[in-house]
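K.L.:
Next come the chains, spelled out residue by residue.
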Amino acid sequence: MIRKTIAYASLILFSFLFLAPFYWMISTALKSDDEILQYPPKWIPDVLHWENFGNAWMSQPFNLYLENSLTVTILTTIGQLISSSLVAYGFARFTFKGRDFLFMVVLATMMIPWEVTMIPLYMEFNYLGWINTLKPLIVPSFFGSAFYIFLMRQFILTIPRELDEAARIDGAGSFQIYARIIMPLMMPALILVSVFNILGTWNDYLGPLIFLNDQSQYTLTLGLAQFKGMYEVEATGLMAVTFLISIPPLLLFFLAQRYIVDNSAGVAIK
Amino acid sequence: MNIESVVTHKQPAMTVQPKKLKGRAFLTPYLFILPWILGFLAFTLGPMIFSLVMSFFDWPVVGEVTFVGLDNYVNMFTDDPLFWQSLWVTIKFALLFVPLNLFIALFLAMMLNQKVKGSGFFRTVFYLPSVISGVALAMIWAWVYDGEYGIFNYLLSLVGITGPDWLNDTSWALVAMVIASLWGQGSMVLIFLAGLKSIPESLYEAASIDGAGAVQKFFRITLPMVSPTILFNLIMTIISAFQQLSLALLLTGGGPLQSTYFYAMYAYDNAFKYFKMGYASANSWFMFVIILVLTFLVFKTSGKWVYYEGDNRRGGEEA
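Residue numbers (this note's numbering), protein chains in the order written: chain R, 2 to 271; chain V, 112 to 430.
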């Protein structure tokens with residue numbers, strides 16, 4: 002009994018601590034510019050200033066940033082789904098020379114800190130004339146990503162091989178088996194990878210920061226960071242935009258919660 | 112975390128070995144993994160080698176490139192107070208953040224594991240902050256910490272504490288960053304929860320019969336059984352502490368007085384603010400080596416405190 006009470010008390014306390022910053026963001030976004038300067042702070046604004054959202058959004062080219070963010074997010078997701086699944090299929094379904102070693106290398110690349118490749122990548126993309134375009138953010142996703150390859154390979158290993166063999170007897174080649182049998186059966190893994198990739202790309206700040214310097218190419222995160230630096234900006238507007246760009250990840254999380262929660266835990270345990 | 116068992120995972124249904132692969136068939140698997148091989152060469156291995164080479168050169172963005180041998184590394188240690196400052200900031204951050212993060216996550220996971228009602232709600236709440244962008248997180252916390260109108264100090268004042276001006280106080284800015292980072296790491300609760308759930312109930316029942324109390328059960332059963340999860344999380348948090356950059360860039364810009372000047376920010380500044388590409392490469396490689404050494408040490412010592420089920424080298428009791 003006491004144990005349950007302690008459990009509930011601490012869970013409720015921590016939930017408050019975890020939710021309070023969100024609440025504070027939304028409540029600030031809806032306040033008038035005078036209200037945010039009141040002390041003690043007001044939890045609920047007198048009048049809800051919904052117009053703050055539109056005003057803040059339109060004060061900067063956030064629509065353009067949105068377009069860039071969408072472009073990058075959609076294209077990288079397509080890229081990852083195609084490339085990572087091909088590679089995962091290769092690792093999961095064939096025995097070939099160097100396979101285990103190469104797979105170790107795939108896993109090992111997850112350990113490499115991004116700082117190590119950041120500078121040469123910048124120079125490489127600069128040499129290619131890609132700096133200040135969205136290409137550095139998009140193109141690499143068409144070559145697979147270690148974590149997604151790992152996730153998909155683990156998933157393919159759970160698909161019975163008899164299915165492949167039956168198809169092979171019917172005359173299907175390896176690529177057909179991949180496209181017609183493995184891919185449709187791999188839906189849960191594909192959804193999970195899409196969700197992770199959308200969240201990661203949408204939220205990415207360092208990639209855009211390093212590779213983009215022209216405002217017309219900015220993504221939303223970069224636009225928001227720059228918005229903060231402008232000195233006539235009020236907290237109301239800042240919180241309004243922060244909230245708006247957090248809506249897609251939050252929505253996606255609610256929609257795909259089961260996939261994310263089950264799997265992020267599962268992956269770590271393996 | 113047992114990488115070897117993951118890698119050499121063999122399919123039980125592999126009895127039908129295909130005949131010796133020849134010609135095109137021999138190439139097929141390589142064609143499938145070709146995208147990764149190309150990407151690895153172009154975006155990982157190539158850049159890594161290039162970066163290592165650059166670290167032995169004086170390499171400005173514009174102008175002459177000159178070979179300087181180990182000078183970059185030597186200068187870092189002997190002639191650059193910022194190097195030591197940023198290294199110290201990062202270590203301080205890690206020393207505060209890593210244990211707190213593990214402790215809170217394990218604690219909350221244990222509370223969730225008490226068969227509470229609404230555990231789905233609590234899980235969602237703890238996960239939520241890790242879903243939004245680091246930029247959004249920084250924006251929110253900059254406002255929460257605001258010296259004049261911040262809600263944080265207001266809440267503290269309710270319990271009689273006069274909070275500092277968090278982000279502008281040399282002794283508190285780093286603590287502020289630890290707290291903000293903890294907020295974004297609630298997802299770790301779920302990893303621990305999964306670990307806890309995999310502990311068989313029978314172990315606790317047996318312990319109860321033998322007269323073990325709650326404290327004993329925690330130290331003799333719970334802790335050893337989740338030790339692999341702790342190991343995994345420990346490594347991940349150490350690595351993330353050394354790569355901490357966006358929060359510093361956005362919350363404090365490394366200040367006040369470089370009190371939140373993280374190592375990653377130091378390397379970033381050398382590269383993209385001062386354009387000392389060679390020097391910054393040396394910075395990055397030094398960090399890479401530190402991460403490798405730390406990871407290696409954690410793994411090396413893990414045999415002493417990590418308990419793997421079905422591992423006969425140690426008895427369950429003493430683990």
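FYI, nobody ran anything at the bench for these hints, they're computed from the structure. Glycine included, each C-beta is placed from N, C-alpha and C at the ideal position. Keep in mind that the hints are not guaranteed to be accurate.
Unchecked claim - Which chain V residues face chain R? A few, computed with CB under 7 Å, are given here:
| no. | residue |
| --- | --- |
| 1 | 147 |
| 2 | 222 |
| 3 | 225 |
| 4 | 233 |
| 5 | 243 |
| 6 | 271 |
| 7 | 274 |
| 8 | 290 |
| 9 | 326 |
| 10 | 327 |
| 11 | 354 |
| 12 | 397 |
| 13 | 400 |
What the hints assert, rightly or not - Each computed DSS-like pair below joins lysine-lysine, with the alpha-carbon atoms no more than 25 Å apart:
| no. | chain 1 | residue 1 | chain 2 | residue 2 |
| --- | --- | --- | --- | --- |
| 14 | V | 226 | V | 308 |
| 15 | V | 308 | V | 384 |
| 16 | V | 203 | R | 5 |
| 17 | V | 228 | R | 5 |
| 18 | V | 226 | V | 328 |
| 19 | R | 229 | R | 43 |
| 20 | V | 384 | R | 136 |
| 21 | V | 308 | V | 203 |
| 22 | V | 384 | V | 228 |
| 23 | R | 229 | V | 415 |
| 24 | V | 203 | V | 328 |
| 25 | V | 226 | R | 5 |
| 26 | R | 5 | V | 308 |
| 27 | V | 308 | V | 328 |
| 28 | V | 411 | V | 228 |
As the list claims (entries may be wrong) - Which chain R residues stay away from chain V? Per the calculated CB distances, all over 12 Å, these:
| no. | residue |
| --- | --- |
| 29 | 71 |
| 30 | 84 |
| 31 | 112 |
| 32 | 130 |
| 33 | 134 |
| 34 | 181 |
| 35 | 201 |
| 36 | 220 |
| 37 | 251 |
K.L.:
Now tell me if each hint is right for this structure.
P.N.:
Status of each hint after checking the structure:
The beta carbon of residue 147 of chain V comes within 4 Å of a beta carbon in chain R, closer than 7 Å, and the hint placing it at the interface holds. Interface restraint check for residue 222 of chain V: the shortest CB-CB distance to chain R comes to about 4 Å, inside 7 Å, so the restraint holds. Hint on residue 225 of chain V holds. Least Cβ distance to chain R is approximately 4 Å, under the 7 Å limit. Against a cut-off of 7 Å between C-beta atoms, the interface hint on residue 233 of chain V holds, since the closest Cβ of chain R lies about 5 Å away.
Of the supplied interface hints, the one on residue 243 of chain V holds, with its beta-carbon coming within about 4 Å of a beta-carbon of chain R, less than 7 Å. Taking 7 Å as the C-beta contact cut-off toward chain R, the hint placing residue 271 of chain V at the interface is violated, the least distance being around 14 Å. For residue 274 of chain V, the suggested interface contact is broken, since its CB lies about 13 Å from the closest CB of chain R, more than 7 Å. At about 10 Å, the closest approach between the beta carbon of residue 290 of chain V and any beta carbon in chain R exceeds 7 Å, and the interface hint on this residue is violated.
Taking 7 Å as the C-beta cut-off, the interface hint given for residue 326 of chain V is violated, the closest approach to chain R being about 12 Å. At a threshold of 7 Å, the smallest CB-CB gap from residue 327 of chain V to chain R is about 15 Å, leaving the interface hint violated. Hint status for residue 354 of chain V relative to chain R: holds, with the closest Cβ pair at about 5 Å, below 7 Å. Among the interface hints, the one on residue 397 of chain V is violated; its C-beta lies about 10 Å from the nearest C-beta in chain R, farther than the 7 Å criterion.
Taken as an interface hint, residue 400 of chain V does not check out: its beta carbon lies about 10 Å from the nearest beta carbon of chain R, beyond 7 Å. The hinted pair formed by residue 226 of chain V and residue 308 of chain V meets the criterion: a straight-line CA distance of about 11 Å does not exceed 25 Å. Between residue 308 of chain V and residue 384 of chain V, the direct Cα distance comes to roughly 48 Å. Violation of the 25 Å bound is thereby established for this hinted pair. At most 25 Å may separate the alpha-carbon atoms for a hinted pair to count; residue 203 of chain V and residue 5 of chain R exceed this at roughly 36 Å.
Of the supplied pair hints, the one linking residue 228 of chain V and residue 5 of chain R holds, its CA atoms being roughly 10 Å apart against a limit of 25 Å. Of the pairs offered as hints, the one joining residue 226 of chain V and residue 328 of chain V holds, with about 17 Å between alpha carbons and a cut-off of 25 Å not exceeded. The straight-line distance between the Cα atoms of residue 229 of chain R and residue 43 of chain R is roughly 23 Å, inside the 25 Å bound, and the hint therefore holds. Restraint check: the Cα-Cα separation between residue 384 of chain V and residue 136 of chain R comes to about 23 Å, which is no more than 25 Å; the hinted pair holds.
At most 25 Å may separate the alpha-carbon atoms for a hinted pair to count; residue 308 of chain V and residue 203 of chain V exceed this at roughly 33 Å. A distance of roughly 52 Å separates the Cα atoms of residue 384 of chain V and residue 228 of chain V; the hinted pair therefore is violated under the 25 Å criterion. Restraint check for residue 229 of chain R and residue 415 of chain V: the C-alpha separation of about 48 Å exceeds 25 Å, so the hint is violated. Between residue 203 of chain V and residue 328 of chain V the alpha-carbon distance is near 33 Å, which puts this suggested pair outside the 25 Å criterion.
For the hint linking residue 226 of chain V to residue 5 of chain R, the alpha-carbon distance of about 8 Å falls within 25 Å, and the restraint holds. Taking the CA atoms of residue 5 of chain R and residue 308 of chain V, the gap is near 17 Å; set against the 25 Å cutoff, the hint holds. In summary, the hint linking residue 308 of chain V to residue 328 of chain V is supported, as the alpha carbons are separated by about 15 Å, within the 25 Å threshold. Annotation: proposed proximity of residue 411 of chain V to residue 228 of chain V is violated, straight-line Cα distance about 40 Å (limit 25 Å).
Residue placement check: residue 71 of chain R keeps its beta carbon more than 12 Å from all beta carbons of chain V (closest about 15 Å). A beta-carbon of chain V comes within 12 Å of the beta-carbon of residue 84 of chain R; the shortest separation is about 4 Å. Chain V draws residue 112 of chain R into its interface by the beta-carbon criterion, the shortest separation being 7 Å against a cut-off of 12 Å. Taking the minimum C-beta to C-beta distance to chain V, about 15 Å, the non-interface status of residue 130 of chain R holds against the 12 Å cut.
With a least beta-carbon separation of about 16 Å from chain V, residue 134 of chain R lies farther than 12 Å from that chain, consistent with its non-interface assignment. The Cβ of residue 181 of chain R lies farther than 12 Å from every Cβ of chain V, with a closest approach of about 15 Å, so its non-interface assignment holds. For residue 201 of chain R, the requirement that its beta carbon stay farther than 12 Å from each beta carbon of chain V is not met, with the minimum near 10 Å. For residue 220 of chain R, the requirement that its beta carbon stay farther than 12 Å from each beta carbon of chain V is not met, with the minimum near 10 Å.
With a least beta-carbon separation of about 6 Å from chain V, residue 251 of chain R fails to lie farther than 12 Å from that chain, contradicting its non-interface assignment.
Violation of the numbered hints given earlier is confined to hints 6, 7, 8, 9, 10, 12, 13, 15, 16, 21, 22, 23, 24, 28, 30, 31, 35, 36 and 37; the remaining hints are satisfied by the structure.
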